[in-house]
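Heads up: the protein sequence lines correspond to chains A and B, in order. The first sequence runs 1 to 350 under this note's numbering. The second sequence runs 1 to 147 under this note's numbering.
I should point out that these hints are in silico values taken from the structure, not numbers from a laboratory. Backbone N, C-alpha and C define an ideal beta-carbon position, used for all residues, glycine too. Warning: the hint list may mix true and false statements.
Cβ pair distances, simulated, as ranges [unchecked claim]:
(1) Gly127/B with Gly177/A: 42 to 50 Å
(2) Gly201/A with Tyr125/B: 50 to 58 Å
(3) Gly265/A with Gly128/B: 18 to 26 Å
(4) Gly127/B with Glu325/A: 30 to 38 Å
(5) Gly141/A with Lys92/B: 28 to 36 Å
(6) Gln147/A with Glu76/B: 34 to 42 Å
(7) Arg299/A with Lys142/B: 34 to 42 Å
(8) Ala111/B with Glu302/A: 18 to 26 Å
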Amino acid sequence: MCTVCGCGQGEMRIDGQAHEHGDEHEHHHHHHHDGSHQHGHDHHDHDHDHDHDHDHHHHNPGHSHSHNRSHGQASEPGHSHSHADSTQDQHPGHHHRQPLDHEHHHYERGPAHAHAPGINQSRMIRIEQDILSKNNEFAAGNRSLFQARDIFALNLVSSPGSGKTELLTRTLTDLAGEFPMAVIEGDQETSQDADRIRATGAPAVQINTGKGCHLDAHVVGHATHSLSLDRGSLLFIENVGNLVCPAEFDLGEAHKVVILSVTEGEDKPIKYPDMFYAADVLLINKIDLLPYLKFDLERCIEYARRVNHLIEIVPVSATTGEGMEIWYQWIREHRQPLKPPLNQSLNHVS
Amino acid sequence: MNKMSLCLSSRNWQSQLKSRRSLWLQVEELRGIIMHEMSLCEGIVQVLENERSRQSFERVNKVFLEIGALAGVEIEALKFCYEVVCQDTVAKGSTLEIIEIPGKAWCMQCAKELQVEARYSACDYCGGYQLQVTGGDEMKIKELEVA
Numbered sequence: 001m002c003t004v005c006g007c008g009q010g011e012m013r014i015d016g017q018a019h020e021h022g023d024e025h026e027h028h029h030h031h032h033h034d035g036s037h038q039h040g041h042d043h044h045d046h047d048h049d050h051d052h053d054h055d056h057h058h059h060n061p062g063h064s065h066s067h068n069r070s071h072g073q074a075s076e077p078g079h080s081h082s083h084a085d086s087t088q089d090q091h092p093g094h095h096h097r098q099p100l101d102h103e104h105h106h107y108e109r110g111p112a113h114a115h116a117p118g119i120n121q122s123r124m125i126r127i128e129q130d131i132l133s134k135n136n137e138f139a140a141g142n143r144s145l146f147q148a149r150d151i152f153a154l155n156l157v158s159s160p161g162s163g164k165t166e167l168l169t170r171t172l173t174d175l176a177g178e179f180p181m182a183v184i185e186g187d188q189e190t191s192q193d194a195d196r197i198r199a200t201g202a203p204a205v206q207i208n209t210g211k212g213c214h215l216d217a218h219v220v221g222h223a224t225h226s227l228s229l230d231r232g233s234l235l236f237i238e239n240v241g242n243l244v245c246p247a248e249f250d251l252g253e254a255h256k257v258v259i260l261s262v263t264e265g266e267d268k269p270i271k272y273p274d275m276f277y278a279a280d281v282l283l284i285n286k287i288d289l290l291p292y293l294k295f296d297l298e299r300c301i302e303y304a305r306r307v308n309h310l311i312e313i314v315p316v317s318a319t320t321g322e323g324m325e326i327w328y329q330w331i332r333e334h335r336q337p338l339k340p341p342l343n344q345s346l347n348h349v350s
Numbered sequence: 001m002n003k004m005s006l007c008l009s010s011r012n013w014q015s016q017l018k019s020r021r022s023l024w025l026q027v028e029e030l031r032g033i034i035m036h037e038m039s040l041c042e043g044i045v046q047v048l049e050n051e052r053s054r055q056s057f058e059r060v061n062k063v064f065l066e067i068g069a070l071a072g073v074e075i076e077a078l079k080f081c082y083e084v085v086c087q088d089t090v091a092k093g094s095t096l097e098i099i100e101i102p103g104k105a106w107c108m109q110c111a112k113e114l115q116v117e118a119r120y121s122a123c124d125y126c127g128g129y130q131l132q133v134t135g136g137d138e139m140k141i142k143e144l145e146v147a
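Pulled out of the complex, with its shape left as it was, chain B reads as follows (with noise of 0.2 Å):
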């Protein structure tokens, strides 16, 4: 992807938290996190990126996600990244539309599959803790909307 971009959005990102302070105080709270996001995004423009030479578009509206609930990422914390990361590509001006996937696993004392809030709940049924992810741990890039 175009790392110079990368590096002029990184100086405009402190520019936009200055100017949008409630946004920063967030940003300062998830400071462990949004590095993470930040990578997200990186990731998310270097596939529009290699899309676009595969197939021929100017630019790209819209980018439907896929995210589950399992998968530690910090929506407003991403799309706050997002727009950060998209300028002076061919996402810029692009929202995210998530679509959140529920947590699922699978009990392996009661053999059966259940929604789950986080990697630590336990069974709905039984209590126990010997629960496998069966869904809701992607983070995945399903569509867009190009023009």
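Extracted from the complex, chain A is given alone in its bound form (with noise of 0.2 Å):
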């Protein structure tokens, strides 16, 4: 599921309008780029000679690169599009400033499919399936990798300014050493936040998802893939900020963790009591300045129990330190301990 269409009305980002072709095949262009740096691509062949049917998706701010055709042109026909390597994100041999740099989204249409001539009463076809089963796919790949890696991946969601990325910098910087870990980060538009996490040394991947409001299972499976992550990593994915859809939308994330300020108001959790009801932790973000608001911090916990009586909170403040400790301790306790590696289980037998 694209990140960038669908949810918006905008579609602000994409520099090639929709062209139609005369011939068999569609071709849709997306290109996602907000050059905050240019730098060449040699890599980057478009010879414009092969058809195929894709969207090709540039989720990466700070990154341009220059065609030698434009992909702004409302219709060209048969322009189409080819890398000289694989469709694939990978490109051997050229080295990347940035994890994700360059990320390719290829959806390809399946071949038309075949009519039996004569029917076409109308009937009924028994489904049953879930809405969003695409992403719940999408979803269990990823889990399973991480399970297979021994990857502990929170999904951090929040409402715009409650606070998550200085408590995500702030977690990065008192735990740097104890594990390793890294940082998947969601915005509708800019890599600052991304820039702010690599200032840790944490390795940071930024995902721009337009007019999206919602990082999917898809998307984060492609940045997982840019990210080289270490076994027994803690992976941190800061969804956009927006406290609807992100409660929908399983990324493969062992839990969420929902973040809710004091600057906000106690009702969030009944006001918005789906995403507190799919999350596991709630951190109460900056209680240092409970003293100049008049946030009933209890009322507020008492309504987080009532959508989720088993919903963990810890009143926290990322500037202060207080509580951080706390959160830290749930996060060691929470990751899967890490298997040992196979040879060591298999003198273990022996």
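Hints in hand, dock the two standalone chains.
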């Protein structure tokens, strides 16, 4: 599922307008480029000589590359696009400054289906499928990958401005050296958050969703591949600031962690119950500001427990560090123990 | 699914919004939520396109959805988005039939199942909140009427 289309009405990030071709294939190109720096790509060979049907997403800001031909042209019959290398995200032999310098999502359309002649009466087909089944499939794939590599993935969700990134940078700084850590940053625009994360020394990948309001499992899978995660890593996935959609989109994480700051209303848990129900941990952030606010912490906790009586609640301040140790302790307790390396377990058996 | 049609329909959506003033106001009001329904409709159409490649049919007339009361879905917004997202897909012109499923929860204190309105509802019997949702959070495509 494309996180750029579908959700928004603007489609501001698309250079190439939808172009139609007279022949049997349709080709649509999304290029999301926000070049804050430019660098040449000699691996990126656009010789426009094959026809396939794909979307091409560059979810990376700070990346720009020049094409010999513009993709912005409204219609250009026969215009198509090929890569000299594989259509996967790997460009061997080319060094990228950022891990997710280049991301391609190709959505191939299947072959035309066959029609049985004479059958045009309406009939019922029972399918019994979850609406988000496609996302759930990708999420299951991510989850098994994380489990196989002992990666503890946490999906951090909140409304915008709750202090997620601040909390995350503090966590990365305080836990540095204890575990290998990495971050997938989701924002509609800019790579500012990923830059803040990288300043702590942790590898980070920025996903810009454009008008999209959430991360989905597919794009997180791609981002995961572009981070070379060590076995036993902590992977923080900072979702787009939104308390609605991210509740429904499983990314394959071990837990959702919802962050609510005391500068918001204490009734957020019952206003956005789905998110607080989906989460296993609630971090109530910015508690250093409590003396200046009317926020009723007790009531907030009560509301959160109404929605989800099992949720763990930790009041914290990412600025002063208050309560952060309890959060770290939660991480230590919940990450799955490392599986012994294969040779050790074999020794143990013999 | 067909991404190009999605882009086109996004543009159509804008023009439709202009022509349907009352809906536009509703959409403004639901701005945070409508994006959600848009993504859900994308999911529905994706399932329909997949289904077409497995079973032969030319078009979809009706899609029967089971939507739980606790699923957090605005039915009106869903129907509106659906019409837009379906354009130029196999589901063009099809309608959504919504089967609403009531929310159900199990009270751990009373050891009883009860119907609940929302995730923050209290138990009818004891007034407590030790409830585990047991139903009514589904968003499922039940069946399709195709031709």
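Hints and how they fare:
1. The given range of 42 to 50 Å is respected by Gly127/B and Gly177/A, whose C-beta atoms sit roughly 49 Å from each other.
2. With their beta carbons about 54 Å apart, Gly201/A and Tyr125/B fall inside the hinted range of 50 to 58 Å.
3. At roughly 24 Å, the beta carbons of Gly265/A and Gly128/B sit within the given window of 18 to 26 Å.
4. For Gly127/B paired with Glu325/A, a C-beta distance near 36 Å keeps the hint of 30 to 38 Å intact.
5. Checked against the given bound of 28 to 36 Å, the beta carbons of Gly141/A and Lys92/B, roughly 31 Å apart, stay inside it.
6. With their beta carbons about 40 Å apart, Gln147/A and Glu76/B fall inside the hinted range of 34 to 42 Å.
7. Range check, Arg299/A to Lys142/B: about 40 Å between beta-carbon atoms, so the 34 to 42 Å window is met.
8. Hint check: Ala111/B to Glu302/A, Cβ distance near 23 Å, so the stated range 18 to 26 Å holds.
The structure shown violates none of the earlier numbered hints.
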